[in-house]
Amino acid sequence: MQGVIKFVKGWLLFSLLWGIFMWFVSWQAQSKEIGMVIVMSLYAGLIYQALMTMVARYKARRSQA
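If you use the numbering used here, the sequence shown corresponds to residues 1 to 65, in order.
To be clear, the hints were calculated from the coordinates, so they are not data collected in a lab.
Even glycine gets a Cβ: it sits at the ideal position worked out from N, Cα and C.
Please note that the accuracy of each hint is not assured.
[Unchecked claim] Quick list of simulated restraints, FRET-style, between CB atoms: (1) A65 to L17: 17 to 25 Å; (2) L46 to S26: 27 to 35 Å; (3) K32 to G3: 28 to 36 Å; (4) I38 to A65: 35 to 43 Å; (5) I34 to R62: 24 to 32 Å; (6) V39 to A65: 22 to 30 Å; (7) V8 to G35: 18 to 26 Å; (8) W23 to A65: 38 to 46 Å; (9) G35 to Y58: 29 to 37 Å; (10) V4 to A44: 13 to 21 Å; (11) K32 to Q2: 30 to 38 Å.
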């Protein structure tokens, strides 16, 4: 259960930071709707966190062998 909480915290933190960064860099100039911005940043955060989890699991398995 602790791993799930860590995953969700990482996902939401990255999503928030990515969304803010992209809003000021690109999305504001493109006049993106706020709902779409939230969805896009949540998807980006989910993909990023899933990849980081896979890398961490891979490294943990390699260190045990």
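Query raised in the report: Of the hints given before, which are not true for this structure?
Result: 1, 2, 5 and 6
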